[in-house]
Each structure stands twice: as structure tokens, then as C-alpha cells.
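Here the protein sequences come in this chain order: A and B.
The numbers in our numbering rise by one with no breaks, and the one at position 72 of the first sequence is 72.
The numbers in our numbering rise by one with no breaks, and the one at position 3 of the second sequence is 3.
Simulated from the structure, these hints should not be mistaken for laboratory data.
Among the clues, some could well be false.
Below, a sample of chain B positions facing chain A; criterion: calculated Cβ distance under 8 angstroms [to be verified]:
| no. | residue |
| --- | --- |
| 1 | P4 |
| 2 | D6 |
| 3 | L8 |
| 4 | I9 |
| 5 | R14 |
| 6 | A33 |
| 7 | I41 |
Even glycine gets a Cβ: it sits at the ideal position worked out from N, Cα and C.
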Amino acid sequence: MTSIPITETQSLPADWRDLLALTKPRVMSLVVFTGLCGLLAAPVAVHPVLGFTAVLCIALGAGAAGALNQWYEADLDGKMKRTANRPLPAGRMSRQTALHFGVGLGAFSVILMDIAANHLAAAVLAVSILFYVLVYTVWLKRRTAQNIVIGGAAGAFPPLIGWAAATGDVTALPVLLFAIIFLWTPPHFWALSLFVRSDYANAGVPMLPVVAGVESTRRHILLYTVPMIAAAVAPWALGLTGWIYGAVSIALNAAFLVLAFAVLVNKATEPKSMRPEKRLFAFSILYLFGLFAALVADRWMI
Amino acid sequence: MPKPEDELIRRRQRERSRLLAILLGAFVVLMFAITIAKMGINR
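The shape of chain B in the complex, shown without the other chains (with noise of 0.2 angstroms):
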């Protein structure tokens, strides 16, 4: 059987794994609009 701690840090790693993949996903979308939008700019 796990113990409490086996499960909490699991837990968290979870959690964190699941945040990081939204952030790193958002901060691709950001750099894309970034992009684009100082291609508008530069034309």
C-alpha cells in the first residue's frame, strides 16, 4: 500500500505537470501572435 506521502507527491507532481503543459502551451499561441503581429507592424 503507498503511503500518504507517495500519494501527495504524486499528486503535486501531477498537478504541476498538468499546469506546466497549459503554460508551455499558451506561451507557444503567445509567441505565434507575437509573430504575426510584427509581421503587421514590419509590412
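Just chain A, same shape as in the assembly (with noise of 0.2 angstroms):
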């Protein structure tokens, strides 16, 4: 892909692959590993060819509001090094491109998953499109702090639509799940912001570090961590789930909090000293990939 000055680009047809790196296919991933466990995880056998076309159009689903975030953001992304060479900032597609691309995507993924599996599973889908685009890239991202503990429902929507499409209602058990990925995002992207904190800065994002400062949001990280922790377990707790699952989550919740605690005590205030801070984020992946494993592993396995 080569970087075209933003003039020339006006005429050019968009490469194939921006259009690709438009949908953030490395979040996609964890999106659609959550959706695919909220499907599997429901007490009911989904046909593969209807379970394979549901987690499809969460990935859709997903890309249309990478890409709806991408238009919107393109000023914002060309001021952080993280974004700068993404497809819009970088000048190689038209902010017009994007968008054409973003909602033909997510009215495609809506239409499709209300074909393939029910109305309920398909309104949850736009829910969470519009909320992703309208309620936290448009309206909070950059006016408040809280941006990423209200916007973080917009990725807590997956397991929730993949139990809704498997069985037309959602019930105690996918509500949870929803808790957990919600009450998890802020810790996540807090981690994050610890080392990027300057980027966010220069690029006039109230992320929490720039706001509240560092020591701040090192205790908001340990106080989010507990919620998400009762989150975690309650599924095993309230007998939603069988051993696999609580033995996994609290061994998971166990390194999540050592390695939140690890964050508190840190007084670093370089990004290159903040190995805690990368730690606890690397690992919060990590997390997430393994509790939702142990769900599908705790319902098939027992």
C-alpha cells in the first residue's frame, strides 16, 4: 500500500485492503470469539450453517462500526502515532469511501442475521452498531473521561447477540456476560492509556490519565477490577455453570487482581518503566480469551 498524497487520493478507487484495515480486523477477532461463545454457550444446538451466518454478521456488524469510527475519527487518529497510518489519516481513501463502506456494511450484517436467525438477535446487532458509533465515538469520546466506561456496552454486545441468535431471548446467563466485557473494558483500555497517555494528549482525548492523572486512574483500574471479578464468578456462584468455569475464573480473576494491585503500587510515570501497566493489559486479553473459553469448555465438557 502505498502512501499517496490526500489530493490524488480523491480520484483513486480505495485498495481493497484499507478497506479491510477500515474494519479493525485485531478487534474484530475478540469480538468474534465472544459472539461464537455466546452462541455455543446457549442451552440450545444451533444449525452450523445459521450459527456459522450469526457469527458472521457480528464480524459485519463489527467492521461497520470500525469503519464508522474511522470516518468519524480521521482527524483525531492523524494526531496519535497508534492511528496516524491508518487508511484515512494516512491519505490513501476519501472520508466519503468510508462511510459508503461503513453503512452499507452494518445495514448488510442487520438484514442478514435478521434472515438467518431471529428480529431479536438482528436489533440487538443495530443497537450496538449505533451505539458504538452514536453513543461513544460521536457523543462521549471526546467530551468526558467516562467515555470508555459508558462506550464500553458498545463491545459487551457479542455473547449477548450470539445467545439471542441461538435461542430468540436472552436470559440471566448472557446478561452476565454482557457485565463481565463491560465492567472489563475500562481497566483494559485504562492499562492502555497509562502508556500511551501522551498520545492521547496531544490529540485533546479526555482519556482518564490526561484528566484525572496517572496515580487517579491507577485506583479506578483496582476499583473497576472488583465489580468485574463478582461479575466473572457469579455465573459459577448463582449455578449458571458447572466447575470448569469457576475453577477457570477464579484462577483468572486471582492473576487479574495480583496484577491490578501490581499497577497501584507502581510510581512510574514513563511509559518505559510501566511494565505493570503492559503487563496487566496483555494479560487482560488474555483474560477474556480464557474465561469465555471455559464457558464453551464448562458447556460442552460436562
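Both chains are sitting in their own frames, so use the hints and assemble them into the complex.
Put into C-alpha cells, the structure is as follows:
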């Protein structure tokens, strides 16, 4: 992908690799995984074709939300090292192409979900896309340090959608799965924002470390870890899952708590000395994969 | 002689057309499979 000045790109058709990059494939992998786990944890057998289509729709919906996020935030992305090489800020694609691609992909994913699964799954998918784009991206992200707390709900929808696609309803377990990701998002993103603080500050994004400082963010990480642990252990404590999930959940949550404490006691203010923060960020991804994998193992092995 | 920009435009158009054809083919196969699956469930 050659970088071309923005004036020339207006007449160039976008490269398909850049259209793919708009969908944030790396973020999508976690969304697809949690959506698939929601579908597989449901107490009904789903036809493989319909299950595959439902997960495909979740992936396409997440891709659409990512594309619309990049369409709206092109100016912001251009100010941050981490995102400056994305197709829009790098000038490899026009904003109109990104908008058309995002809206088209989002509408397609919702319609296909309605055809393959049911109205409820399609409705929740539509709400999740709109929530991410309108509530998080447009409304909260540039206005409040609580952006990630409320916006975290957008990423918490996939297991709920997977479950709804399989069963046609929503019960206590998928709501708890929603709560786990919702409460996991703030410690996950705050750990990241601690060591890329200057990037957010330069772009004018009011992330917690920029607005409230490093020490306050470290306290907030631990503060949100406690309810996250409660939500993560609840499916087992309430008898909604078996011992496999219970054992894995307790082990993963204990490790998360230890790493959150390590972040709390770290006094470093320079990113290069923020090893506990980097460790917590990396582990938090593994944590979510492990927890949801245990949920599926529990459902299929017991 | 065609300009380098023209060649780039043609190449991208060809790539996107090819990809669109593959995706449309996959969509037709998927819709067929969904229909068969739904018929099996409703039977």
C-alpha cells in the first residue's frame, strides 16, 4: 500500500486492503470470539450454517462500527502515533468511501442476521453498532473521561447477540456475560492509556490519565477490577455454569487482581517504566479469551 | 503511453471487481445454504 498525497486519492478507488483495515480486524477477533462463545454457551443446538451466519453477521457488524468510527475520527487518528497510518489519516482513502462502506456493511449485517437468525438478534446487533458509533464515538469519546466506562457497553454486546441468535431470547447468563465485558473494558483500556498517555493528550482525547492523572487512573483500575471479578465469578456462584468455568474463573480473576495491585503500587510516570501496566493490558486480553473459552468448555464437556 | 496513475486506477478496479465477484458468489452460496437449513428446521 503506497502512501499517496490526499489530493490524488480523491480520484483513486480505495485499495481493498485499506477497506479491510477500516474494519479493525484485530479488534474484530475478540468480538467474534465472544460472540461465538455466547452462541455455543446457549442451551440449544444451532444449525451449523445458521450459527456460522450469525457469527459472520457479528463480525460484519463490528467491522461496520470500526469503519464508521474511523470515518468520524480521521482527524483524531492523524494526531496519534498508534493510529496515524490508518487509511484515512494517511490519505489513502476518501472519507466518503469509508462512510459508504461502513453504512452499507452495517445495514447488510443486520438484514442478514434477521434473515438467518431472528428479529431480537438483529435488533441487538443494530443497537450495538449504533451505540458504538453514536454514543461512544460521536458523543462520549471527546467529551468525558468516562468515555470508556459507558462506551464499553458497545463491545459487550457480542455474547448477548450470539445467545439471542441461538435461542431467540435473553436470560441471566448472557446478561452476566455482557456485564463481564462491560466491567472489563475500563481496566483494559486504562492500562493501555497509561502508557500511551501522551498520544491521547496530544490528540485532546480526555482519557482518565490525561484528565485525572496517573495515580487516580491506577486506583480506578483496581476499583473497576472488583465488580468485574464479581460479575465473572457470578455465573458459577449462581449455578449457571459448572466447575470448569468456576475453577478457570477463580484462577484468572486472582491473576487479574494481583496484576491490578502491581499497577496500583507502581509509581512510574514514564511509559518505559510501566511494565505492570503493559503486563495487565496484555493479560486482560488473555483473560477474556480464557474466561469465554472456559464457558464453552463447561457447556460442552460437563 | 498510459500515466502511472491510470495504471494504478485500473489495477485497483480490477482487484476490487475480482473480490466483489468472489464475495457475491459466496453470498449466493450462503443464501442457498441458509434456505436449505431453514427448510430443514421448519420441516
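Okay, which hints does this one fail, numbers in order?
Checked against the structure, the hints that fail are numbers 1, 2, 5, while the rest are satisfied.
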